[in-house]
Amino acid sequence: MAITVTINNETREIDAPGDMPLLWALRQELGMVGTKFGCGIGMCGACTVHLDGQAVRSCSLPLSAIGDKKVSTIENLAQSEVGQALQQAWLDEDVMQCGYCQAGQLMSATALLNKNATPSDDEIDAAMQGNICRCACYKRIKTAIAQVARNEETANV
Amino acid sequence: MSEATTLSRRSLLKVSALAGGGFALSATMPMVARAVGGEAAAPAELTAFVTIAPDNTITIIGKNPEIGQGIKTSLPMIVAEELDADWDLVKIEMADTNMAKYGPQLAGGSFSTPMNWMPMRQTGATARAMLIAAAAQQWGVSAASLSTEPGKVVEKASGRSATYGELASLAATMPVPDPESLTLKDQADFRIIGRAIGGIDSPKIVRGEPIFGVDMQLPGMVYAAYERSPVFGATLKGADLEAAKAQPGVIDAFVVRGNGNPEELVDGVAVIASNWWLANRARSALKPEWDNGEWASHSTAGYAAKAKELMDGGQAAEVFGERGDMAGALASAAKVVTADYSYPFLAHVPMEPMNCTALMRDDGVMEMWAPSQTPQGGLTSVANYLGLPPEKVIVHITRMGGGFGRRLNNDYMVQVAAIAKEMPGTPVQLIWSREDDVKTDFYRPAGWHRLTASVDAEGKMTGLKDHFVTFDLGESPFNPALMAPDTFPAKLMDNLLLEQDMLRTAIPMGALRAPNSNALAFVTQSFLDEVAHETGKDLPTLLMEIVEGAEPEPTTMGFTGPTPGFNPGRLRAVTRKATEMADWGKPVADGHALGFGYYWSHQGYFAEVVEVSLSDSNKVQVHNVWCAGDVGNQIINPFGALNQVEGAIIDGIGQALQLAVEVEGGAVKQSNFHNYPLPRMPMTPQIHVEWVKSDNSPTGLGEPALPPVIPALTNALFALTGKRVRSLPIDTSSLFA
Numbered sequence: 001m002a003i004t005v006t007i008n009n010e011t012r013e014i015d016a017p018g019d020m021p022l023l024w025a026l027r028q029e030l031g032m033v034g035t036k037f038g039c040g041i042g043m044c045g046a047c048t049v050h051l052d053g054q055a056v057r058s059c060s061l062p063l064s065a066i067g068d069k070k071v072s073t074i075e076n077l078a079q080s081e082v083g084q085a086l087q088q089a090w091l092d093e094d095v096m097q098c099g100y101c102q103a104g105q106l107m108s109a110t111a112l113l114n115k116n117a118t119p120s121d122d123e124i125d126a127a128m129q130g131n132i133c134r135c136a137c138y139k140r141i142k143t144a145i146a147q148v149a150r151n152e153e154t155a156n157v
Numbered sequence: 001m002s003e004a005t006t007l008s009r010r011s012l013l014k015v016s017a018l019a020g021g022g023f024a025l026s027a028t029m030p031m032v033a034r035a036v037g038g039e040a041a042a043p044a045e046l047t048a049f050v051t052i053a054p055d056n057t058i059t060i061i062g063k064n065p066e067i068g069q070g071i072k073t074s075l076p077m078i079v080a081e082e083l084d085a086d087w088d089l090v091k092i093e094m095a096d097t098n099m100a101k102y103g104p105q106l107a108g109g110s111f112s113t114p115m116n117w118m119p120m121r122q123t124g125a126t127a128r129a130m131l132i133a134a135a136a137q138q139w140g141v142s143a144a145s146l147s148t149e150p151g152k153v154v155e156k157a158s159g160r161s162a163t164y165g166e167l168a169s170l171a172a173t174m175p176v177p178d179p180e181s182l183t184l185k186d187q188a189d190f191r192i193i194g195r196a197i198g199g200i201d202s203p204k205i206v207r208g209e210p211i212f213g214v215d216m217q218l219p220g221m222v223y224a225a226y227e228r229s230p231v232f233g234a235t236l237k238g239a240d241l242e243a244a245k246a247q248p249g250v251i252d253a254f255v256v257r258g259n260g261n262p263e264e265l266v267d268g269v270a271v272i273a274s275n276w277w278l279a280n281r282a283r284s285a286l287k288p289e290w291d292n293g294e295w296a297s298h299s300t301a302g303y304a305a306k307a308k309e310l311m312d313g314g315q316a317a318e319v320f321g322e323r324g325d326m327a328g329a330l331a332s333a334a335k336v337v338t339a340d341y342s343y344p345f346l347a348h349v350p351m352e353p354m355n356c357t358a359l360m361r362d363d364g365v366m367e368m369w370a371p372s373q374t375p376q377g378g379l380t381s382v383a384n385y386l387g388l389p390p391e392k393v394i395v396h397i398t399r400m401g402g403g404f405g406r407r408l409n410n411d412y413m414v415q416v417a418a419i420a421k422e423m424p425g426t427p428v429q430l431i432w433s434r435e436d437d438v439k440t441d442f443y444r445p446a447g448w449h450r451l452t453a454s455v456d457a458e459g460k461m462t463g464l465k466d467h468f469v470t471f472d473l474g475e476s477p478f479n480p481a482l483m484a485p486d487t488f489p490a491k492l493m494d495n496l497l498l499e500q501d502m503l504r505t506a507i508p509m510g511a512l513r514a515p516n517s518n519a520l521a522f523v524t525q526s527f528l529d530e531v532a533h534e535t536g537k538d539l540p541t542l543l544m545e546i547v548e549g550a551e552p553e554p555t556t557m558g559f560t561g562p563t564p565g566f567n568p569g570r571l572r573a574v575t576r577k578a579t580e581m582a583d584w585g586k587p588v589a590d591g592h593a594l595g596f597g598y599y600w601s602h603q604g605y606f607a608e609v610v611e612v613s614l615s616d617s618n619k620v621q622v623h624n625v626w627c628a629g630d631v632g633n634q635i636i637n638p639f640g641a642l643n644q645v646e647g648a649i650i651d652g653i654g655q656a657l658q659l660a661v662e663v664e665g666g667a668v669k670q671s672n673f674h675n676y677p678l679p680r681m682p683m684t685p686q687i688h689v690e691w692v693k694s695d696n697s698p699t700g701l702g703e704p705a706l707p708p709v710i711p712a713l714t715n716a717l718f719a720l721t722g723k724r725v726r727s728l729p730i731d732t733s734s735l736f737a
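Going down the list, the protein sequences come from chains A and B. Position 113 (the first sequence) corresponds to 113 in full-length UniProt numbering; numbering is contiguous. Position 568 (the second sequence) corresponds to 568 in full-length UniProt numbering; numbering is contiguous.
In short, the hints are calculated from the structure, not lab data. Since the structure is predicted, the reported quantities are computational estimates derived from the model, not experimental observations. Heads up, the beta-carbon is just placed ideally off N, CA and C, and yes, glycines get one too. A few of these clues could be false.
As the list claims (entries may be wrong) - Heads up, incomplete: computed chain A residues facing chain B, CB under 8 Å, no partners named:
1) E13
2) P17
3) G18
4) M20
5) L61
6) A65
7) D68
8) A78
9) S80
10) W90
11) M96
12) C98
13) G99
14) I132
15) R134
16) Y138
Said to hold, decoys possible - Quick list of in silico lysine-lysine cross-link-like pairs, PhoX-like style, CA-CA up to 25 Å:
17) B:K204 / B:K152
18) A:K142 / B:K204
19) B:K619 / A:K142
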């Protein structure tokens, strides 16, 4: 009953029930533990991955629902220009305290900037409000996203 | 239950006694534990915290658990400073749990900075002195003629120099200097301390590398879920183990008997599977039966009703603080102000759910990978539970996805040890669901206060009375709920009467970030704002009156070393600074108002001003927070320091606005983030922070910025609406009643 899924541009065979959420297949069937467990009900965003470029909560996405769509995780983020720019901005702004939610924050932020390279303050809030940071590094997360967006704006002038 | 929490207090005392000894230890130990005459090509261990390789790489041990407070970066910065290291060549390694080698290792109470400031400087200076001694011997000159520049010893007269890497193996054979003989750097010469340095693990975090406890992977590892009673104090009657074992992926299911101490182990059923999701899902097949005893009738509503009854009943069961003549002060008062305040139980909910990995090894050693704020306490608990000598328990400290006080209690460590003991040779990772976490925490205790102040004809506050209802710990209240006579403003009242009643409960209680203070700041600073209002002045003015003529208290030997007592000058300085920053007393935007709060906790003085408005949908909106903090004469890492303050402020606002744990039928009603709603990005205010430097050694920042923001917010809401918030979380509808 192996399920075939494309993850970070590789075809992976996963021997698990179809109703197993992608999160637990990533972490414990494939050993890709960058994607984090936070709540299990899609309320915190720690488990955010990209499905065909859209930010989705992997704790609530059954393996059987993925089909031909392509999964991309934090381990693959540096392969994208925007992802890499955000990773650097996260370090420049010293965004994190405990850091546990940051993989999910980065995945949500990347999906946002891929869709909207120069979001407004309110658009950042709207795109990021599904991601909880218990340490409350929100001010810095927002600054880091705005920094990358500003660079984008400058590059386009 | 009371026995259990008594045990906890005793173990806290034990830790504290060890910590006292550890002070001497951490000053002397680094010099003892070192490699003797290492081979030239091998890295040389100069002190327990400093190892230098021939290629000049310096490895510094991070001794205390990292929960996001930045200590794994900041303590090694202190070592590197006195070592005069080149920071670019420094690597940081996390210590294993080892009291004898590293002294006390804990993340709590904002203790790490004050407790380690001097020992970390000394261990760095010791290694530096040994490197200088090695160069002096090699060159046949006196040590006094040598000095250091980052990463090398230099002789100014000749211009020659040698790198630390070149000198390290000889340095490791040099006599260890007496720490008292070491000359420490002048603050003005610091090159590393005071620099904004990013978290040492941050590059790994943004790449998603496995560094947290729950990321631990071992060959052949299995996963465990643990089913325990939702009703606190219950015992297990039975469960359908066979039904759970028949679920997909399940390897085993077995009963684990508790030892009656919720801080160690309560009854439950372990379900083991090849994947945690499968183990957790199989729990639903267990259909366990519990004996709830007397506890299923307990509820927070019941406690609140009982508290009101006790406060209305007049005289409390116990007087625990008395000064002057409060009855006389009330009798002769020109004005009496009285109000009831209350606050709820709260959960910690760090983002990384509780987990721990354990392996019962063939050689009889229990090896563990533990995200614990008190790994030494956890090691002791596990050894006690298993009946093993402490040297047969190895605890590796992992990075933690948050702590907030939850991981001061090590119940998950004992749980996984009890499970792994049944499966020798197989590594087991226990993970809790978020529901397990919310429903079986060690909660910030709820509390109820009836406060009364006497005011004389000149409008001066002459006395304070508090009738406090708290929870039982046998004969004394649970520690993090204590309203002590030496808290502010009680300590400065000529007339004081503190009384308390206690309620029995089985709800486990623990320390939540800024314990005591996170509740008492709200109660006392809100009430003082009421007194100020009733006497026609503002809260900053009243605080200045209260401390008028008060002298600084002397420095005493505390848990973290020499501890300065309350200093009214520091209160004045942060109060002045915060009110200046906020343009306090000047007009604000239409529909906005300011509120002020001050608190001194964990050796840090913080004054904060909050600007609020109510949105069209009658939601509380916090626009700005101005914060002035005094944590001594030196900010070690401005990056981490500011991050702690910003986080604490938002944490406090979140608590005030929307968090409460309620108990019904002996069990917690809340279960996950949909009904325990943490702050999210859109509610983040502008936060403006300034440091007030005072002539004191640096102290911790994990906690003290949190308490004052809560009363600053509720006082701002009073200024805006004329309605007092006397109960948390804030019931917005009451502001319009």
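Cross-check of the supplied hints:
1. E13: violated (15 Å)
2. P17: holds (6 Å)
3. G18: Check failed: Cβ of G18 (chain A) comes no nearer than 11 Å to chain B, outside 8 Å.
4. M20: holds (6 Å)
5. L61: Because about 12 Å separates L61 (chain A) from the closest Cβ in chain B, which is outside the 8 Å limit, the hint is violated.
6. A65: The hint is violated - A65 (chain A) has no Cβ within 8 Å of chain B, the shortest such distance being about 15 Å.
7. D68: At 24 Å from the nearest chain B Cβ, D68 (chain A) fails the 8 Å test, so the hint is violated.
8. A78: The hint holds - A78 (chain A) has a Cβ within 8 Å of chain B, the shortest such distance being about 7 Å.
9. S80: violated (13 Å)
10. W90: holds (5 Å)
11. M96: Where the cut-off is 8 Å and the nearest Cβ of chain B is about 6 Å from M96 (chain A), the hint holds.
12. C98: holds (3 Å)
13. G99: Holds - the Cβ of G99 (chain A) comes within 8 Å of chain B, reaching about 4 Å at its closest.
14. I132: OK, holds: I132 (chain A) within 8 Å of chain B, min 5 Å.
15. R134: Where the cut-off is 8 Å and the nearest Cβ of chain B is about 5 Å from R134 (chain A), the hint holds.
16. Y138: holds (4 Å)
17. B:K204 / B:K152: Distance of about 29 Å is beyond 25 Å: violated.
18. A:K142 / B:K204: Holds, because 21 Å separates the two Cα atoms, which is no more than 25 Å.
19. B:K619 / A:K142: holds (22 Å)
Going down the numbered hints, you'll see the structure goes against 1, 3, 5, 6, 7, 9 and 17, while the others check out.
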